[in-house]
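Build out the structure end to end from the sequences listed, making use of the hints.
So my numbering is basically just the index in the sequence shown, starting at one, shifted up by 570.
Mixed in with the good hints, there may be bad ones.
[To be verified] Distance ranges between label pairs, derived from CB positions: (1) W841 to N582: 45 to 51 Å; (2) P576 to P807: 26 to 32 Å; (3) M678 to L905: 50 to 56 Å; (4) G882 to E691: 41 to 47 Å; (5) N906 to I806: 30 to 36 Å; (6) F854 to G882: 38 to 44 Å; (7) S916 to N1045: 37 to 43 Å; (8) R1015 to K945: 46 to 52 Å; (9) Q1074 to S818: 17 to 23 Å; (10) T680 to F854: 31 to 37 Å; (11) Y779 to G896: 42 to 48 Å; (12) L1140 to R717: 25 to 31 Å.
Simulated from the structure, these hints should not be mistaken for laboratory data.
Built from N, CA and C at the ideal position, the CB exists for glycine as well.
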Amino acid sequence: MSLRPPWEIDRNIIVRAEEETDPSFGCPPEQRPIEKHIRFGVINLDKPPGPTSHEVVSWVKRILDLDRAGHGGTLDPKVTGVLPITLEEATKVVQALLESGKEYICIMKTHGEEREEKVVEVLKLFEGRIYQRPPIRASVKRRLRTRTIYRIEYLEGDGRNWLFKVACESGTYIRKLCVVGDTELILSNGEIIRIEDFANKFCNSIGSYNVYGDYRTLSFNKGHQVSNKILKVQKIPSPDLLVKIRTSSGAEIRLTKDHDVLVSTEEGPKWCCAGDLREGDLVFMPTKIDIEEETPYIVDLLDDDFLVDGEGVREECILGFIKKYGSIRNMERRLNIERKPFHNNSETYIKIKYIKAACDWDKIKDKINKLKTEKGRVVELNSKLINEEIMYLLGLIASDGSIIFEDWDIRPARLKFHNSEEGLIKKFVEIHENLFPSIPLYVKRMVNNVIEVDVSNPVLASIAHSLGIVSPSKNADFKPIFRLPKPLLKSFLKGYFDSDGSAQLYQYKNRCITNIDLYTINSIIAKRLYLLLKRVGINSRILKRKIYGSFKSPNEKYNVVRLRSPADKLVFIREIGSNHPKK
571 MSLRPPWEID
581 RNIIVRAEEE
591 TDPSFGCPPE
601 QRPIEKHIRF
611 GVINLDKPPG
621 PTSHEVVSWV
631 KRILDLDRAG
641 HGGTLDPKVT
651 GVLPITLEEA
661 TKVVQALLES
671 GKEYICIMKT
681 HGEEREEKVV
691 EVLKLFEGRI
701 YQRPPIRASV
711 KRRLRTRTIY
721 RIEYLEGDGR
731 NWLFKVACES
741 GTYIRKLCVV
751 GDTELILSNG
761 EIIRIEDFAN
771 KFCNSIGSYN
781 VYGDYRTLSF
791 NKGHQVSNKI
801 LKVQKIPSPD
811 LLVKIRTSSG
821 AEIRLTKDHD
831 VLVSTEEGPK
841 WCCAGDLREG
851 DLVFMPTKID
861 IEEETPYIVD
871 LLDDDFLVDG
881 EGVREECILG
891 FIKKYGSIRN
901 MERRLNIERK
911 PFHNNSETYI
921 KIKYIKAACD
931 WDKIKDKINK
941 LKTEKGRVVE
951 LNSKLINEEI
961 MYLLGLIASD
971 GSIIFEDWDI
981 RPARLKFHNS
991 EEGLIKKFVE
1001 IHENLFPSIP
1011 LYVKRMVNNV
1021 IEVDVSNPVL
1031 ASIAHSLGIV
1041 SPSKNADFKP
1051 IFRLPKPLLK
1061 SFLKGYFDSD
1071 GSAQLYQYKN
1081 RCITNIDLYT
1091 INSIIAKRLY
1101 LLLKRVGINS
1111 RILKRKIYGS
1121 FKSPNEKYNV
1131 VRLRSPADKL
1141 VFIREIGSNH
1151 PKK
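Set out below in structure tokens:
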């Protein structure tokens, strides 16, 4: 795509009348005295690298002893080139210059050797309308706006250094603000996704691309979290040097040097380039993360081969297949699905994937209240939605349990939970028997006073697996749990704390010390616990501690997620609490 810049548009001068001028009311331009040139003139100044455009204007004012001067468009300090400076009365027409476009001659250096045709192809991707937010060091307000790149003309290159000319609209910043691909993006629906994976949904090569669909992310605006629509993604090669920021809370992020970070100063909040940050600077972070919440159905967390049933489900499937294929026999031929479950008097349970093929899943799933395991055991659901009791059990399993995927099973089916506290074991058994009365548990004592609960429950195991609770724990990731409503998060955190957390109260140098901690070997799980606590308004920090004793991990360190302030501890006590008799 190639657009015509303003200076190339054909313009016609229309003459309405011609008259002789009177020399007594002025003089020809070539005969003007220097005083008139200074009063009504424009200087085309070749700006050197270093000073800002405003500094250059102030120097011109001082040298020529002027009251007023202005420039026709800001050039960055490192940029050289023509800077039009209007003098005295001419400043009244400077707006005309601001509306004109500009041309840059740029040199780009790539990380490695690149083919010339590939570079030319990629440069063309940046032509047209783009969305851009000015960088921190800018002369305008930092709000999102659109600008036009009229064309990018490739000139020459040597394999790593590339010379090209950019014709662009005024107000375009050539500088880019980026984060690295493994930076995680929190969407407003609670989905956590690597920014590279998000960008790859819309582009598979370097360039700028529109985002299709209603994707929103959480933004900071005037002290409030707001949900803003994502309009465009851009993928460009990374610079050689990045800035890695680690906060006292343990959070880490890698940014380009020009990326803006909100910093607390004596004058109030200010945006600061990541490259200018220093140890001890106070950066802003959200104390609470609010997202769009929705409680999932249990059947939404089961795999498509799970056998289910419910009042009216079979009849709805029969009607749906007849409407789509004319008859059940035709459905069997077309989809290669056995028709036995789709007779009116059949008692055979139906696979979820067949129900989805016949009906509107979102409308019919509310009717499903019975599940059948591979061993033929029927499980009747007391609650069709994920509830707080289920999440409490999952919190216990995530911290001190395991999910076993045996060779002969088509899905995870067996769960184990270990703990030395009898009260916690009794609580686990009580809740499980209430939720799944038809599924037996087996409790036995192990060495060192550890008690084991062993249960074959493919329903609970499948829910755990869908929510990122897997074994071994090094492969676990609680990202799906982050999207759940706050009451469910609190129950999960309570279970995790009861099994693998601690509450400490002790004296140190005449001071009373209190700690509420959660523990994990897995660094990813530590980050997720940190975010889950933020969801319920509790701030914490991630600490690394050396492992002592016989237990070993690959890096010989474990992670402590520690609550930060007395206020955070009070919120934890009131909102989350504990079922552990000693905690």
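Hints, verified against the model:
1. W841 to N582: 45 to 51 Å: Holds, since W841 and N582 (Cβ atoms, about 46 Å apart) stay within the stated range.
2. P576 to P807: 26 to 32 Å: 31 Å, holds
3. M678 to L905: 50 to 56 Å: 54 Å, holds
4. G882 to E691: 41 to 47 Å: 57 Å, violated
5. N906 to I806: 30 to 36 Å: 48 Å, violated
6. F854 to G882: 38 to 44 Å: The hint (38 to 44 Å, Cβ to Cβ) is violated, given that F854 and G882 are roughly 53 Å apart.
7. S916 to N1045: 37 to 43 Å: 40 Å, holds
8. R1015 to K945: 46 to 52 Å: 26 Å, violated
9. Q1074 to S818: 17 to 23 Å: 20 Å, holds
10. T680 to F854: 31 to 37 Å: 35 Å, holds
11. Y779 to G896: 42 to 48 Å: 43 Å, holds
12. L1140 to R717: 25 to 31 Å: The hinted range 25 to 31 Å is violated for L1140 and R717, with Cβ atoms some 49 Å apart.
The structure fails hints 4, 5, 6, 8, 12 (numbered hints given earlier, in ascending order).
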